[in-house]
Amino acid sequence: MSNSYENITTQIMESLLSGGIICEYTNEAAYEYLKKDTYRDDIDQLLNRMSRKLMRTADQSAYYAVYSSVSSPERRQDIKAQFRETINSLEPFLRWVKLVMSSLQKDVTIQPGEVIRQGELLSAIEVTEALKEDLAKITAGGVFDTRKTEVKDQLSSVFNELVKREYLVKQSNSGTAYTATGKWAYLYEVLEFIYTHENLGGEDDLEEQQELAL
Amino acid sequence: MSTRDAGVKALKILGRHAEIIMDAYERRGGVLDDSPENTNKIDDLVKYRFATFDDESGGSPRLDSQVKSLLDQAVKSTKLRMSDVNIGEAMNDIVLYVREYKRAKSEDRAADCNSRLADVEENVLKLCDNLTRESENIWRQIDSDFGTSTILRTKMELNRNAMGKITRILEALDLIDIDQLYNFGHTDTHLRRLLSVRLPRVINTCRTELSDAIHRLNKMMFQLNKLAKHANMVNSVLNQYEVNPGFKPEDYTDRTEVPALFMCVKPIGKQVGKQVVLTGLVDVDSSTLEPVFSELIEGLRKELPPNEKQLAQPVPVAEGEQTLQVLEQGPFKRAIRDMFYECLSEGKEISVIDGFKRAPEGSDLHLWAYALLAEFNSMRDEERELFSLKYEGKPHEVFTGNFIAKDVVLCPS
Chain B
1 MSNSYENITT
11 QIMESLLSGG
21 IICEYTNEAA
31 YEYLKKDTYR
41 DDIDQLLNRM
51 SRKLMRTADQ
61 SAYYAVYSSV
71 SSPERRQDIK
81 AQFRETINSL
91 EPFLRWVKLV
101 MSSLQKDVTI
111 QPGEVIRQGE
121 LLSAIEVTEA
131 LKEDLAKITA
141 GGVFDTRKTE
151 VKDQLSSVFN
161 ELVKREYLVK
171 QSNSGTAYTA
181 TGKWAYLYEV
191 LEFIYTHENL
201 GGEDDLEEQQ
211 ELAL
Chain X
1 MSTRDAGVKA
11 LKILGRHAEI
21 IMDAYERRGG
31 VLDDSPENTN
41 KIDDLVKYRF
51 ATFDDESGGS
61 PRLDSQVKSL
71 LDQAVKSTKL
81 RMSDVNIGEA
91 MNDIVLYVRE
101 YKRAKSEDRA
111 ADCNSRLADV
121 EENVLKLCDN
131 LTRESENIWR
141 QIDSDFGTST
151 ILRTKMELNR
161 NAMGKITRIL
171 EALDLIDIDQ
181 LYNFGHTDTH
191 LRRLLSVRLP
201 RVINTCRTEL
211 SDAIHRLNKM
221 MFQLNKLAKH
231 ANMVNSVLNQ
241 YEVNPGFKPE
251 DYTDRTEVPA
261 LFMCVKPIGK
271 QVGKQVVLTG
281 LVDVDSSTLE
291 PVFSELIEGL
301 RKELPPNEKQ
311 LAQPVPVAEG
321 EQTLQVLEQG
331 PFKRAIRDMF
341 YECLSEGKEI
351 SVIDGFKRAP
361 EGSDLHLWAY
371 ALLAEFNSMR
381 DEERELFSLK
391 YEGKPHEVFT
401 GNFIAKDVVL
411 CPS
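If you read the sequences in order, they're chains B and X. Numbering follows this note's numbering, with no gaps: position 48 of the first sequence is 48. Numbering follows this note's numbering, with no gaps: position 407 of the second sequence is 407.
Excised from the complex, chain X in its bound form:
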């Protein structure tokens, strides 16, 4: 049987027994189900070295680690696997085959030459694949936050393990003599493709990805340490409460410099139901607001007195005979004044809205209200003493200095 036929047959065996293999891989920790109906399948798998009998698992057959690696790769597993990349040995092999290839080439041994070049290519590609797979594997573990592990300590151990592995790979990559690889490929096209282009490119990518991975792992470790510290603090402080009931820490607000952590603001505003409604109160004790207040006060005096100097020429007015004219009150003013008379004579309170029915047709309610206020304010003191005004409404919810009046009531004093 040719190698090709043997390979095809081996792959067919894998395909034929895919169910039992995946069952072992996914659910049985790699151990195959050796019930009687599976005997022939197991024999096939053992024959092709896809499975082996293991004394450790009580004589049960288990999947070969190569098969598990193949599946890990295929299903992008986040399971942790031991690294099988040995960069030093792989490089020694490559250098050895390169030297043999060059010797065969210089001695014109074409068959040996081709054979050694194939060896170089296979070893370079294998190393490239291993480095790429290793980097991908580490990133899969990072992205999955170390798989299903929920225990903090395990996550920290896995993080340290990954960190150690990356460090070892990076150290090994540093030992690769890139100049030597370039020299090998300097005079030979085939070697140049492999040793001057492909391998350095993969090494460079791997180095970058692993450096990024270290950065990420460090961040994760910082976070894990913080979580561990929190748990430790909770336990310690609770223990203190158990051992020392009534434990009270020092009142840090008594200190001259109070830690900012304990200077949380008291809610501004008033409680309305479940909500705190803000008010527009200004902190008058605040020294930082002094310039603002000063500016406001200055602003109040800022209006300049009117310029007394009249630039216009006085107009001569002829002083003729003057007759006294009595201005008659209009119906609007009369209606306003009637409200005051009625209030006084009947001794009852009249609201502006109620009194609006007295206003001449077409009057505006707001104008009516302002006219009443104006009439009240323009009275002589002795007349005004007979009345008082009541404002019905409520303070503004935010700017508490403001009062929103819905009605004005004229009352006898």
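Excised from the complex, chain B in its bound form:
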């Protein structure tokens, strides 16, 4: 077994077991490694021995580990805690996505690989009262909670939290430019699940389905 194989396998296992996400932007070498069926199977087998398995997002932009079964009350408690954490942070994350879209005048959500510049956002938010209010609302509690009152500080705080939670990685050559990671793809899958199972699309989805049927 070569050193490079050993190193990359160790990196991947450590990252996955620590609850991390592997994508092109968090660890390119590991991501490329997992794209190969044989290597992916190897990692999956290692995880299986620890009652875990490898998952990837539908767009294949990110890999993460999940439990392969809920075999004990302790494990169910762990899963419950993770679910609560995800659901509680859903609203602030979506508000942030909406804020970025409005500020940059885009009609698409944040996508893995997208470069977000803090300065660009700051310039847009500082001159628009409604956007300032939205940012204040996002940072008033929950995952982005901060006591800062200046737009710049609030924005920095949100960016720091997003980096901490692996949603963004700082670009090495620039102080305030960040790249969105594959974790956004995971978030949108959670969103789609909730959207579908809670029937939040209502009439629109019904019409869409009828159109498809025709």
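Each hint should be verified, as a subset may be incorrect.
With a straight-line cut-off of 30 angstroms between C-alpha atoms, the simulated DSSO-like cross-links for lysine-lysine are [to be verified]: (1) B:Lys-106 / X:Lys-266; (2) X:Lys-226 / B:Lys-53; (3) B:Lys-98 / X:Lys-248; (4) X:Lys-219 / B:Lys-98; (5) B:Lys-170 / X:Lys-226; (6) B:Lys-152 / B:Lys-98; (7) B:Lys-106 / X:Lys-248; (8) X:Lys-229 / B:Lys-98; (9) X:Lys-226 / B:Lys-35; (10) X:Lys-9 / B:Lys-164; (11) B:Lys-36 / X:Lys-226; (12) X:Lys-266 / B:Lys-36; (13) X:Lys-219 / B:Lys-36; (14) X:Lys-229 / B:Lys-164; (15) X:Lys-126 / X:Lys-9; (16) B:Lys-106 / X:Lys-226; (17) B:Lys-106 / X:Lys-219; (18) B:Lys-53 / X:Lys-266; (19) B:Lys-164 / X:Lys-266.
So these bits of chain X aren't anywhere near chain B, every CB distance computed over 12 angstroms [as the list claims (entries may be wrong)]: (20) Ile-178; (21) Asp-251; (22) Val-258; (23) Asp-407.
Honestly, the hints are just simulated from the structure, not real lab data. Where a beta carbon is used, it is the ideal one built from N, C-alpha and C, also for glycine.
With chain B's structure known, arrange chain X on it following the hints.
Only chain X this time, still in chain B's reference frame:
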């Protein structure tokens, strides 16, 4: 003036007024700057039909669409242009000229024959160029992700438009009777070159490229639909939070079959600063590990008992008179035992490293430590009760069952 002279003059006019033309093409949406200093230039361009006065643009002169097409082609523009390729009409013209050419040839009208062959060639080359340009144009739009448009809906419309255009071209190409073209070229070398080789080759290339383009456009459309769906979901779910503050979805982890999406692992290990340090804990509740554990336990009992049967013949030993010999302790063992005496008599703790100064010169520290442990372990129970050992060190960061001792301290009980 001959056609050649007129053509050269026209091209010179274009060259002379290149600045104003490019200004109109690049920055003014095709409308020429009609300020007084440009009056003569505009007159020249209008005279040669490179520009025309347009009522729609408030009477301002604008570049002719042919000039814009020429520039699009030259600068490989990604701007969207209406397709001017009409395959059906072009093929009708080609067939007409071929028939006229064959008739003139059969009637030995050489001048007509040459003239009609030139018509066939021009029309074939024009159709080939149009098909190639159309395919290139569509691919340029695809490669540039439909130019500068940042609006999702516009991109989707442009995608549908390109898809429709490709479908129409492919349908028209399907209607071309290739067998008829081969038949035309069957008996004539000139026609064979044009109709049996060149045109079918271009048609085939165009068909392949456009089929690839459809595949790519479909993929792009799938991606665009996904992006639109994401934006729609974000809006809908946020709307739900607005309308219904405190909205909480069902706890899907209560279900018997928990969706894999919500079974993300809890980080293994302990938090050290900002990092999670992994530990080598095994999941003892895991039923999948049962065979591994069983194998380990079996392995512990696997060592076979020693074979009691001695194959070697016993050696006869003469029982002579035996004298009791007292083994004298060496300086190393004495030094070890001195440590125990000192610990007991002075009632103080002595570490192996500190006590190493008692060891005879040239002793090894590790050996010294192991000798102390061996002395402790080989004592009778009543003697050992007088002492205890303390290990100074820390657990292994990964394999938590292991303890890395840096020193051993001998303590009085």
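Taking the hints in turn, this is what the structure says about them:
1. B:Lys-106 / X:Lys-266: The given pair, whose Cα atoms are some 35 angstroms apart, is violated under the 30 angstroms limit.
2. X:Lys-226 / B:Lys-53: holds (27 angstroms)
3. B:Lys-98 / X:Lys-248: holds (20 angstroms)
4. X:Lys-219 / B:Lys-98: This hinted pair holds, its Cα atoms lying about 26 angstroms apart.
5. B:Lys-170 / X:Lys-226: OK: B:Lys-170 and X:Lys-226 at ~26 angstroms, within 30 angstroms.
6. B:Lys-152 / B:Lys-98: At roughly 18 angstroms apart (the allowed maximum being 30 angstroms), B:Lys-98 and B:Lys-152 satisfy the hint.
7. B:Lys-106 / X:Lys-248: holds (28 angstroms)
8. X:Lys-229 / B:Lys-98: holds (14 angstroms)
9. X:Lys-226 / B:Lys-35: Holds, at roughly 22 angstroms.
10. X:Lys-9 / B:Lys-164: With Cα atoms ~68 angstroms apart, X:Lys-9 and B:Lys-164 exceed 30 angstroms; violated.
11. B:Lys-36 / X:Lys-226: holds (25 angstroms)
12. X:Lys-266 / B:Lys-36: Status holds; Cα separation ~26 angstroms.
13. X:Lys-219 / B:Lys-36: holds (22 angstroms)
14. X:Lys-229 / B:Lys-164: At roughly 28 angstroms apart (the allowed maximum being 30 angstroms), B:Lys-164 and X:Lys-229 satisfy the hint.
15. X:Lys-126 / X:Lys-9: Answer holds: X:Lys-126 to X:Lys-9 is near 24 angstroms, not above 30 angstroms.
16. B:Lys-106 / X:Lys-226: Holds, because 15 angstroms separates the two Cα atoms, which is no more than 30 angstroms.
17. B:Lys-106 / X:Lys-219: Holds: B:Lys-106 and X:Lys-219 sit about 21 angstroms apart, inside 30 angstroms.
18. B:Lys-53 / X:Lys-266: At roughly 13 angstroms apart (the allowed maximum being 30 angstroms), X:Lys-266 and B:Lys-53 satisfy the hint.
19. B:Lys-164 / X:Lys-266: holds (16 angstroms)
20. Ile-178: Per Cβ check, X:Ile-178 is outside 12 angstroms of chain B; nearest 37 angstroms; holds.
21. Asp-251: Not fine: 7 angstroms to the nearest Cβ puts X:Asp-251 too close to chain B.
22. Val-258: violated (6 angstroms)
23. Asp-407: Nearest chain B Cβ is 31 angstroms from X:Asp-407, so the label holds.
The structure shown violates the earlier hints numbered 1, 10, 21, 22.
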